[in-house]
Every structure is written in C-alpha cells, then in structure tokens.
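Peer 1: Here's the letter readout for the chains.
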Amino acid sequence: MDNNGNIRDRIQDAMAGHDARYIEIRVEDVEGSHIRYRGKELEEIGHSTGVGGCIRALVGGWGFVSFNDLDGLREKVATAVRNARLAGEKDVSLAPVEPVVDIVPPVVVKDPLAVPLHDKKSLLDQYAETIWRVPGVTTSSVRYGDSRRNRILATSEGTYIEQGQVDVSMHLSAAARDGGEVQQSSLSLGSNGDYSFVETLHGDAETMAHRAVELVKAPQVKGGEYTVVLDPVLAGVFIHEAFGHLSEADHVYENQQLRDIMVMGRRFGGPHINVVDGAAVPGLRGSYKYDSEGVPSTKTYLLREGSLVGRLHSRETAAAMGEVPTGNARAISSQFPPIVRMTNTYIEPGDSTFDEMISDIKDGLYVRNWYGGMTTMEQFTFSAGESFAIRNGKVEELMRPVLLSGNLFTTLENLDAIADDLDMNQGGGCGKGGQSPLPVSNGSPHIRIQKCLIGGTA
Amino acid sequence: MPDRGDGLMASGGNGKDRGNPAVDPFVEALLERAMKVSAAAEVFHVRHRDEPVIFEANRLKLVESRESAGVSLRLIKDGKIGFSSTSDFRNPGKLVDKALEMSPFGPEARLEFPAHRDFSPVDVYDEETASFPVEDMAELGQAAVDRLVRHSPDLTCDGTVAKGVTTLTVLNSSGGAASYTKSVFSVFLHGTVVKGEDMLLVSDGKSWCRPIQDTTEIVESIEAQLDLSRTVAQAPVGDVPVVFSPRGFVGALLSPLMAGFSGKAVLQGVSPLVGKQGQRLIDERFSLWDDPTVAYATGSRMCDDEGMPARKLSLVSSGTIGTFLYDLQSAAQAGVESTASAHRGISSLPSPGSSVIVVDGGDTSYEEMLRDMGTGLVVERLLGAGQSNILGGDFNANVLLGYRVEDGRVVGRVKNTVISGNVYKVLENVRAIEKETHWVGGSIRTPSLYAHSVSVSAK
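If you read the protein sequences in the order shown, they are chains A and B. Residue 0 is where the first sequence starts when you use numbering that gives the first Met the number 0, and the numbers rise one by one after that. Residue 0 is where the second sequence starts when you use numbering that gives the first Met the number 0, and the numbers rise one by one after that.
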C-alpha cells in the first residue's frame, strides 16, 4: 500500500467511538497481469492495479459499505453503522475468537510477478504452437493471469492482520470442427505463489489438442443410469458439489429442516468415505493462514467413515449453531462481505485401485476432466470433459462429454469404491453469492459410483 | 492527432465543447497524457454505486452501500495495442507507463477509434430509481417475502431488492466522446421448501431501469411454481415433447445459440454459423433481435463500450441467419463494420456480445401448447446448463424445476431428470412458438418455445 506508514492508525481512528457491537475494516491493494491468445494470435495483454476497502458493522443486522477511495473512512464507518441499524431486526451474534495481530507475507516459491513479460509471452507462444502442431485443430485459446493481493483486516476487537497472497492461473483449450460439429477440450491449472506450476504443460497441451480433434469423431453417449468411474479431477468437482456446498453452514443455519437433515452423526455414505476441507492444508490454491474475519484456518473433516462430523463456519454461523468457527469466511475482494466458502476439499484415499474398480464393470463409463459443476443442495451436476466406454472390465473407445446428475441422498450412498491415488485439481474457481472465481482446490482419488444418471441421446 | 493542449490535471476546462455529460477531469487528463506518447488512445471509465437490501430466512439481514470506480487505458504504439487498468486514481502516470510497457508485446492494432460524439438518446435513467429510499426498498421486499410465506408457511425465503446507478464514459484520440448514466432497480426472491428428503427451490425476479414498485407479478409467479410443485411426478423419458418456458428457453438454449453469433467465434471458425449468413437454418417462425434501444431495459444503451452508436440488429429473421456481433477489433479483423456490440469490464479489452435479446412471439397460446403435447415436459429452470460444449450448440442440464404434463395439464414436478440436445437441431423445426412474450430479468424478452422432441433421461 502506497501510504502504508499510517494506514493502521487511520483505520483504528476511523473505527473508534461508533455505536455498534462490532466493526471490521478491510483494505486491500492488488496488482496483476494477464495474457490471452485466441487462435495463433495474441489477443490481449494487460496490466491492472486496484485499491479498495470495505467496512462491516453489526448492530442488530449487518451494515456494509465498500469503496475504492480510502478518504473519509470515518464517515464511511458511520454509513455502515447506519445501514446496520436499518437492518436491525435480526439478532446476529458472533462466535468468540482470540484477537490476532500478525503480518503474513505471501507464500511464494517462484513469484509470477517477478517473471519478465517477455518470458511469459514466449511460454504462451510455445503452448499455442504446441496446440497448433496437432492436425485438425480449428482454434485454440491460451489464457494466463497472475495477481498479488495485500489485505489488511482490522476489527473493533483488536485484530489487525496484514496478509499477502500471490495467485497464478493458466487455462488452455483447443477446438476442432467438422461441418456443423464443434468439439473442444481444455485444461485449467493454478497455484498459490508458484509460477513453475504453469511452466511445464507442453505435453498436456498436446494431449489436449489431440483430444479435441478425436472428440469430433467420437459418438454420443445414450442417456440413462450407468456405473461410472471418475478420474481425480472430476471426482474433486463431484465432492465439491455433492457435499462441499451443503457443508457450508450458511446454507443450513437458518433453516430448521435443513439443520435436521445435516445433523451430526448422520450417515451419507459407506464407511470408506472420508471428506476433508481445510485452508490449513499447506501448499494448495485454497490455502491461507487467516480467513477474511481473522480466524485461523483449520482442517475440518466433513465426513468421517461416511458420517457427518463437521461443517464449515463463519463466526456468525458458528454462533448460531453452537459450534466452533473453522476459518472459512472468505471474501473474494474488498468489494464484498465474507461468506462461508470451501478452501481445499478432497476425498481421502481408499484402498481400491483403478484396475480393480473397472474389472467387474460390464457396461459403464470412465469420465474424465471437467467443464464445471453446480448444486442446489439436493440436486447437483458435474460435467465431464470426455468419456470412455467401459466394457467387460476394459476401457474402450472415446465418447462425447456428458453431464452427470446427482442426488445428495442417493449418490454418495452409491459411491462404492475409492482408489489410493489422490490428486488435487488446482484449476478451479468457485462461485457463490456473486463472488467468483474464488481460488479453491479440490481433489480425490479415482472413485466409482453405481447408478449415476447421465444426460445423453434417447 | 487533434491538438488537445497541455495540462496533466486539467480541471474540466478542455471538455466544455463536448456537449456530453460532464466528463471526469481525470479521464480527460489521462487521455491527453496518453496521446503524447502514442499514436492513438482511448480511455474507458466507469463509476458505479449500488445499494442492495438483502433478506435471509424471511427477514431483512443486511443493508449495503457499494461504490466503485475504475478506468482503463488502451493505446496504440508502433501499431500494437498496450492496455492497463486501475481502480487507484492517485497515479495516472503509472497507468500510461504500464500500457506502454505492455504495447511491444501486444496484439496488432487493426481497429481505429470512432469519432462519434452525438448519439440518439436511449432511456436508461430514471431519477426515481436513483432517489428511491432504502427504507422503502426494505419495506417493499419484506412485504413480498411476507406474502409468499403467508401463501406457503413452510417456505424459507431469501431475496434482494437493489438500486444502482452507473456512469460510463468513453473518450478517444479520434475525438470520439460518449458518456451516459444508467439506473437499475431489481427485485429477486428465492424460496426453499424442505420436506424430508425433498427440496423444492422456487424463484423469480426482475430488473428494470425504473423502480419496480409492484412486486405482484414476481410473487404470483413464485406462488404458481409452488402450487404446481406440491406433487412429485415421474419424468417422461426418451424423446419427449418439451415446452421451454421463457426462463427455460433462456437457461437451456440461449447461451449455446448466442455463442454462434459471436464475431470472434466466427473469425476463429468455431461457430457452427460460419458461412451460413443468409441461409435459413432455423424454423421460419423464429426471429431474434438484439435491440439496445428498448426504453428502460437494463441492457439498453445509446452506444456500446467503445463509443459506437447502438442500433437494433437482426440476428435471425424468419429463420434466416442475419448479422454476427462485432466490436471494433474483431470487425476490423473480419473486414466488416463494428455492430456496436462491444462489452467490457475495467480490467480487460472489449469483447462482442448482445445487449437486449428479443425473440418475436408466435401464434399459439401456452395452454394450447400443453393441450397439444399429450404426455410431455415443461422446462422452467435448469442446473448445470452452459457447463458443456456450448460452442457446438449443445445443451445438457439437470431440470431443476420442470413439470410433467398429462392431457394438457401439469400433474407434478419432476426430479432427478436431465435433458440433452443441440440448439440448432431443436430450433430447426419447432412445434410452436407462444403468442405472448415475457421479460426474463431485464434484458431478455421471449415467448415459450415448444420443441417436437428433446432427449430426457431420469431416475
């Protein structure tokens, strides 16, 4: 921050003497660059900086104010308090936490912001060329982005935290066309502070380009129920949608019926299923030391041996449910209030293997890679990037991508095998409440689901 | 290059001849500074303020006041485009330096900045929206929530009532100058009913440039969803006649269809519509417009985000493929004129897209469609749509809200159901198009669309 010298004093002064139960001020600055290729041509290269802040105040309900201009902080606090008074009917309380004073530099292995522009461009040139060397590619896209974010959090309870984060992401895609048929294949990767993560994707880029070309000729899958085996990437998306979102306590805490469903100890699947979320798991895209409310990150078991044992909290949801905050209140930027979010979510390894899983499948699908996933708690979807037929225990021909549809109460029950090959997908951005894309990771070993509903031809 | 005089932090004096709303002096100063070091330059500036009141679990929970501003600079140096953006207005010099630093690596500039300064006005601002009291928004939202809870006491209702004002300015070195202010008022309500292991989600909402003081239409739509959904019915499977309600049409078919009209996708050769202009690919009862001149629609605007005068575009005329959507750079690459379709945020270059989508009505009533279909499916809301190969026109989604139809009437809500198909195959020959058209949100107006058959799978 340019005026870092006195920012702490300015914030403390602005916060003092208002008639509110709790006030927090967050201020951040961000700097980053992006490069995009569409086809063989560089389409865009740009640099951006930003500064902003926000104030959250609690009287009865919440008041929130956000801004780019850091002048007049004290009046902005007064506006937040006024807003909170207007929203005054709710009786919100916050779970107690110890105030923290800390300065946390970003975790940086190879700083993307220190890599010369020329080197980034030549890396992207190589990826574009690699994709275009594959015959049959109609077009490609290569997108790179990096950012360094410095966040300050100060609360009326005495917390003052400065925390840095460096993020880097790469997205590659290739498309092929045959007449009116267009098919595509893509690859997303990201890292918390390590440029070298995105430096060695040449082989993956080539495989991806071949895949797009092959998909144009691939047959469509017939809709219906299948035994499916998911690769770690798609299985990570699956667990994020199937159970991760419902573990976010803000979906549950004010709805008694949902609280009854999500009661601790309830069984959702077999004893081989263990699911974890945690920003305290180090070295991943969703890792951090403190959340946006200044609560230290944790590692939380959501399912242990198939039963519900934990959920993700902000201070507010923890207080409302009589549980302990887990450090999952995250705001994507200083323009938004923190809400309960996932961090690094994964299914722990089991004792099966991929070969064992497919060995007794007569007619099934091996689904890999991902387009995305969505959930409304009971119903959820996850979209594969490619599928392969499985017949009589063998992976056979490539098929078109499919959408898989699940149900909270049956799909986890039908998850009957987990391999031992856990892998994390670091390319995801999660969207919730208009805050997207939030850096998260998710992962899993290969898993098998019986009777999974798939969209396709009649 | 026109002579614009000196003055790094001109206090507005240089802008008096422009005949447009007062341009932020920072914007003018930035352009002047950029023009000194480049062959051509453009500044895009947005100032935004909005105030949402947010309801959670049937009660007012949060009141927000949000302000943001940002500026981006695009300059052309040695034939290449440099680009930088910021929300930090303290150092305009850094913005120019960064854009210059980017330009040697940047794309070749094919575009020329337009010189338009006079625009036909389009109504997108209402002072009543801007000055609508937040207390009244809270009251209006609470009344709508209360009414829904009276209708269905087991409903948990969340919602947002919001007002916002955005001022957008584009200024360039060709003398082009555009600035306008838009107001948007919106009401969105979401309800959840949980019964045992069944969850029902209902919702509706609307955005408009003028205040939405009467929420009856939104509330009645949600009440109708609740009434139709009380019973769960088995979905018909196989190739099934399907009515896409206006929201169902938007959810399932509109994005894969619009993907094909992107001038960029056409340039890259990945649009299924490449080389099909002037050909009848779609049912001749189907006409689709992009009309940014509709008064008070939230997507309307007098000019696009590059300062090109907005106009109504015919995308599909009686089934025949019309124009594709271009911004300046993609138009220059394609050797055509920009269609004034540029959209942009602060931190990236423009891209072509639609503004206000209008699908013409047909000749059949909604009730006639249901009567005609025998056993079929009404698709109202989808989950996971758009997360598939939309470039190729495919759609694939879980039916989040949809109804089984028997003998012309809805008999219940379907669950654990997915639909799958290709928008071009569906639209090639539709069974019927609804007479009436309906606003979905504040920038799409469409009738229901009745497809002969769509592949439906269900548990």
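The set of hints was computed from the structure by calculation and includes no laboratory data. Among the hints, a few may not be true.
[Claimed, not checked] Once the Cα atoms are required to be at most 25 Å apart in a straight line, the calculated BS3-like pairs of lysine-lysine come out as: (1) B:79 / B:93; (2) B:275 / B:424; (3) B:458 / A:450; (4) A:216 / A:431; (5) B:275 / A:216; (6) B:93 / A:120; (7) A:39 / B:35; (8) A:361 / A:450; (9) B:60 / B:205; (10) B:79 / A:39; (11) B:458 / A:221; (12) A:216 / B:424; (13) B:434 / B:311; (14) B:76 / B:93; (15) B:35 / A:221; (16) A:361 / A:393; (17) A:120 / B:194; (18) B:424 / A:431; (19) A:120 / B:76; (20) A:221 / A:393; (21) B:424 / B:434; (22) B:60 / B:35; (23) A:39 / A:221; (24) A:120 / A:288; (25) A:39 / A:120; (26) A:393 / A:431; (27) A:431 / B:60; (28) B:424 / B:205; (29) B:311 / B:205; (30) A:221 / A:431; (31) A:361 / B:458; (32) A:288 / A:298.
Peer 1: Could you run down the list of hints and mark each one as holding or not?
Peer 2: Right, here's what the structure says about each hint:
1. B:79 / B:93: 19 Å, holds
2. B:275 / B:424: OK: residue 275 (chain B) and residue 424 (chain B) at ~15 Å, within 25 Å.
3. B:458 / A:450: Holds - the C-alpha atoms of residue 450 (chain A) and residue 458 (chain B) are around 9 Å apart, at most 25 Å.
4. A:216 / A:431: 36 Å, violated
5. B:275 / A:216: Satisfied, since the Cα-Cα distance of roughly 22 Å is no more than 25 Å.
6. B:93 / A:120: The given pair, whose Cα atoms are some 22 Å apart, holds under the 25 Å limit.
7. A:39 / B:35: Distance ~32 Å between residue 39 (chain A) and residue 35 (chain B) Cα, so the pair is violated.
8. A:361 / A:450: 13 Å, holds
9. B:60 / B:205: 21 Å, holds
10. B:79 / A:39: Distance of about 16 Å is within 25 Å: holds.
11. B:458 / A:221: The hint holds at about 14 Å.
12. A:216 / B:424: This hinted pair holds, its Cα atoms lying about 18 Å apart.
13. B:434 / B:311: 22 Å, holds
14. B:76 / B:93: This hinted pair holds, its Cα atoms lying about 16 Å apart.
15. B:35 / A:221: 62 Å, violated
16. A:361 / A:393: 9 Å, holds
17. A:120 / B:194: 55 Å, violated
18. B:424 / A:431: Violated, at roughly 33 Å.
19. A:120 / B:76: This hinted pair holds, its Cα atoms lying about 18 Å apart.
20. A:221 / A:393: 19 Å, holds
21. B:424 / B:434: Cα-Cα ~22 Å, so holds.
22. B:60 / B:35: 51 Å, violated
23. A:39 / A:221: 36 Å, violated
24. A:120 / A:288: Outside the cut-off at roughly 32 Å; violated.
25. A:39 / A:120: Measuring from Cα to Cα gives roughly 13 Å; hence the hint holds.
26. A:393 / A:431: 39 Å, violated
27. A:431 / B:60: Distance ~17 Å between residue 431 (chain A) and residue 60 (chain B) Cα, so the pair holds.
28. B:424 / B:205: Not OK: residue 424 (chain B) and residue 205 (chain B) at ~30 Å, beyond 25 Å, violated.
29. B:311 / B:205: 23 Å, holds
30. A:221 / A:431: This hinted pair is violated, its Cα atoms lying about 32 Å apart.
31. A:361 / B:458: 20 Å, holds
32. A:288 / A:298: Since the Cα atoms of residue 288 (chain A) and residue 298 (chain A) sit roughly 11 Å apart, the hinted pair holds (cutoff 25 Å).
Of the hints listed earlier, those the structure fails to meet are numbers 4, 7, 15, 17, 18, 22, 23, 24, 26, 28 and 30, in rising order.
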